[in-house]
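K.L.:
Taken in sequence, the protein lines are chains A, B and C. Under this note's numbering, the first residue of the first sequence carries the number 1, and numbering increases by one thereafter. Under this note's numbering, the first residue of the second sequence carries the number 1, and numbering increases by one thereafter. Under this note's numbering, the first residue of the third sequence carries the number 1, and numbering increases by one thereafter.
Worth double-checking, as some hints may not be accurate.
Cut-off 20 Å, straight-line C-alpha distance, at most; resulting in silico cross-link-like pairs (EDC-like, lysine to aspartate or glutamate) [claimed, not checked]: (1) K671(A) <-> D258(C); (2) K244(C) <-> D258(C); (3) K130(A) <-> D45(C); (4) K311(A) <-> E410(A); (5) K267(C) <-> E410(A); (6) K130(A) <-> E39(C); (7) K628(A) <-> E188(C); (8) K628(A) <-> E95(B); (9) K182(A) <-> E410(A); (10) K511(A) <-> E124(B); (11) K545(A) <-> E124(B); (12) K118(B) <-> E39(C); (13) K671(A) <-> E39(C).
If you're looking for bench data, these hints aren't it; they were derived computationally from the structure.
Now for the letters of each chain:
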Amino acid sequence: MTQSNGFKVIGTRPVRHDGVDKVTGRALYGADVRLNGQLYGAMLRSPHAHARIVAIDTSEAAAVPGVKAIVTGADLPHVGDQIADIGEGAVNLRHLSANILAGRKALYFGHAIAAVAATSLTAAQQAVNKIKVTWEELPPVLNLRDAMAAGAAPLHPDVFTDELGEKSTTPSNIAEHLRHEKGDIAAGFAEAEVVVEREFVTGTVHQGYIEPHSATVQWNADGQLTVYCSTQGAFGVRREMSEILGVPISHVKVVPTEIGGGFGGKLNVYLEPVCALLSRKAGGRPVKMTMSRADVLAATGPTSASIVRVKLGARRDGTLTAAQAWMAFEAGAFPGSPVGSAAGVILAPYDIPNVVIDGFDVLCNKPKANAYRAPGGTNAAYAAESMIDELARALKMGPIEIRLKNAAREGTRRADGPVFPRIGFVETLEALLHHPHFQSRLERATGSRRRGRGIAAGFWFNWGGTSSASAQVNPDGTVALSEGSTDIGGTRTSIAMQLAESIGIPVNLVKPQVVDTDSVGYNDATGGSRTTFATGMVAYELGQKLREELIAHAARQFEVEAAAVRFEDGAFRTDGKPPLSYFDVCGALRDTGGEIVASVSMRTKGEGPAFGAHLVDVEVDIETGKVKILRYTAAQDVGRAIYPPFVEGQIQGGVAQGVGWALNEEYLYDKAGHMLNAGFLDYRMPTALDLPMIEALIVEVPNPRHPYGVRGVGEVPIVPPAGAVANAIFDALGVRMTELPMSPARNIAALAAAGVAA
Amino acid sequence: MSTLAVTTTLNGETVTFLCEPHETLLTALRDRLMLTGTKEGCSNGNCGACNVILDGTLVNSCLVLAAEVDGHQITTIEGIAGPNGLHPLQTSFLENAALQCGICTPGFIVASKALLDKNPQPTEREVRHWLAGNLCRCTGYDKIVRAVLEAASAGATKE
Amino acid sequence: MQTFSYRSVSTVEEALAALASPTARALGGGTDLIPMVREGRRQADLVVDVKGIPELGRLEIDAQGNLTIGAAVALHRVYGHPEVARRWPGLVDAASLIGGTAVQGRATLGGNLCTASPAGDSIPALIVHGATLIVAGPAGRRSIPVAAFCIGPGRTVLGPGELLIAIQVPAPRPRSGAAYLRFIPRNEMDIAVASSGVALQLDAEGHIAAIDVALGAVGPTPIVVADAAALALGQAPSAEMAAKLGAAATAAARPIDDVRGTAAHRKRLVDVLTRRAFMAALHRIG
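All chains, full assembly: derive it from the sequences and hints.
P.N.:
Right under this line is the structure:
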């Protein structure tokens, strides 16, 4: 049956194909892998934030009964200064290698130093405790200001500032300084009648996926490596393994398990190369290693703490004339913070004629930053959207009014270069404007409670990348779909739906599976909000091929030309003959030319940039500083919602993470650089009791460059929340919160500084 | 320290397994009994991914020693569906798209079953309070809470 | 991971014999002990499971209305007991706050006391309810007021080989009420940044006949606000009295800066929490 959107499958809500396995405990995730003869690995991690490794003595550890192998950084082959594109950013492999197992120095608390494989986890852990490291402690660099200060001791002797494309000649903790310029910034501010400027600080936060990293690797005597792991990108793991270990890529097969959340934190390898080295040393026995929660928080990709300054100029009528942003992001121990994408995001929602954006990628003795859902976007938008709010108040304009007045549209050029194709920011703002939440009046609270309402917008580029898939039509009419995009949130189904729509069959006839790297063509990682867009585009093309083949088979059965056959409503028709059902044609494939198998690989283009606009009501207890989220509405242009409940779920989940970031989540370190809250008790992610229902308002401005209009959904919704909550707190208290998280103690301190008494 | 033999009623069947005294129930379920539906998220009682029902009470299996369950009854996620198919909570989670990555789902379903066994018609606030020990990072909880409320209104009490 | 042996006992005598070893530890709910030992934050070579001792599993109200809670009674039994909930609301406030639902299925008041965290939720509540502890040891049994039990973070007055048997909570006095409030950044699954328990009794004229205030997480042990009686006894309860008690709480607090909060915020919080707990306790006098 065709729905109001003109589609038969797209927009429906079938039960996801992997659903039963996931509600019955049958689905196998990283730590659920068990191979015959497997050994258990354990890791020694640095107790220091910065220390030279003088010597490692493993003799006592090797004597523990059951120990089969011990490895250190010395077991990794030298890796040159190669750059590999692994999805959400370029990674310097030499640094990646040193992040896997430290070389001469430990560069952060939790840095992997050595590992043991043994016949039991207990034996492996006991052996790890007996490895003796002789340390020479070095003073750590723990924040942006110290790291960037003139004369700061550099972490690496071989990192030189890339200053607007030119390499400097002295080592520095500033790995890169980038700049985007548009128009004439001086003239723009000269034209401005109102100028606002402020500096914001954000803390280090983690992706917080519930599944710890786990890998099981077997390095066979014939040189073949098989990797079972929970990853966002099996092909990225394959390439990193090949390059870190110095083995041909053809020797590595990666079998992706189900993945228990990633949000950008499972793009890179951590344990996999170590398990491989241990396996080889242990005579080819498979080695499994799983991180503890403390390891995950202390030593895997958090996202950057940052300092962001924003200056905006506007005319009295609200027209933005100039904007300047300066941002420094902590990269952690190795270069590569998301400052680049932050610089692209920060002012993207607005059409501003004169812009300068400066970004700095800064090293410090903290874990290497990794991508986290719209990397850099939340930091950037928190600052920018706070300033848009401040400007609107200075101009006595409404928060949606000022954003609509300056909204980016088709043809607007971003400061970082690209010109927007058809986008839906205006439609998103208008949807929020007309929503009952925005139209409602916020009831004021009594006593020590103050209420406020805030709005913020957010942008994400979205990404295409390369995807491949293959499919075959079975005699019973089912279509087996093999894909290489690991499924974090239901993409098996959103891709199967696009395949079904394209062929013209019900989605329950498609049997999607995510397969290993030897069994499907290349796929970029599940990241950048690309999978439903790009792998969906591949599924569309694949469907068109299968449909064409099916029509050819039906034509042979009809004994007519293929051009004379139509496939409509589940039946093949040609003039003057009774129709053939879809199942009749599938059942006769062997007699009409043989089975139908097809595969498609595409380097996709035409990703659809997307915007969100969030509205939140908060209540602040001015005696304790605690913030309660009363109501939340998130509007977003998704292009086309393939599976609307999953789209809502992505938006709701992004909001929840953004609210956690806004209110309570942050890494806490002591002065020596030891992480103090590496656990779910004190790294405070929102619980079910910390959030209300979150209304996701789906706006559909189809992406004209995708067959079904898909833009990508997952990243936009984490961009606006921190700014929206900050603006709501300002509305409640009249105090501009300039540091994330806006924790109770910080709110109380800010209230006291502002002279607001309880 | 010596290996212990533990006999327990697991998902309705009597089983005997060997374990070390320091092993948790979570480890024994996953590594001794091969029931990997019970997940490890934090190993210190702060995420709920390892929730099981022990003698009718919801517990974190990472905070129970395997040795402690000798003579007791355990229900894991693998024991929630009945011989006639999925438990209404499982169906409701699927129909409400209450899972994304799915790693926390077994814990949420076990916890929700313990809730509905005790309180068949909970309010939204009661659901949120009961499930506050179960962390989900994907969904923002909205669809999980709705799934539990819908299963409750459909009368998903004891299977 | 630390390894250890496990023994389950069914009598107090067996338990005491096992606990005679200096590296043995009693296991109740295990929600603190198991992760602490596994992560090396507590040493133990032998874990003695005391849940099989009937006396430690008792939850009884005697004819005089006094409550006895065995040291191994799980929290969900405490707050799930309708009479306990009605008569000792401050205790129930605390018992229903510790951990999440699954933790409460296992954790015990005995364990919360013996862990002796400065932030242990049950301790201020038990103090203001006037609870005492029954302890058995090599030298026989003794009773200890809860207020005198903790002597530092993780340290109690329990001697070598002693075992906490039960918590005795006296019957609530007529016209009395109690409340325990804590502040946490989230709404669940957190350790108190600061907390306050208040119990009070009114006389026939509606004046304060008795008052106890105890604070958590603002010192190395729970702190009894000694000035509370002088500020309140004999007077009619009021918002002004609440404010004075709050100020007294702030004065009594000796907080530190740590990962969970700042000293300045904690000083402010005990004021707020004490005022609010006072009003809540007053409101509960029925």
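K.L.:
Give a verdict on every hint.
P.N.:
Against the structure, the hints:
no., hint, in the structure
1, K671(A) <-> D258(C), "holds, 12 Å"
2, K244(C) <-> D258(C), "violated, 27 Å"
3, K130(A) <-> D45(C), "holds, 19 Å"
4, K311(A) <-> E410(A), "violated, 25 Å"
5, K267(C) <-> E410(A), "violated, 55 Å"
6, K130(A) <-> E39(C), "holds, 16 Å"
7, K628(A) <-> E188(C), "holds, 13 Å"
8, K628(A) <-> E95(B), "violated, 30 Å"
9, K182(A) <-> E410(A), "holds, 17 Å"
10, K511(A) <-> E124(B), "violated, 36 Å"
11, K545(A) <-> E124(B), "violated, 48 Å"
12, K118(B) <-> E39(C), "violated, 34 Å"
13, K671(A) <-> E39(C), "violated, 23 Å"
This entry does not satisfy hints 2, 4, 5, 8, 10, 11, 12 and 13, going by the numbered hints stated previously.
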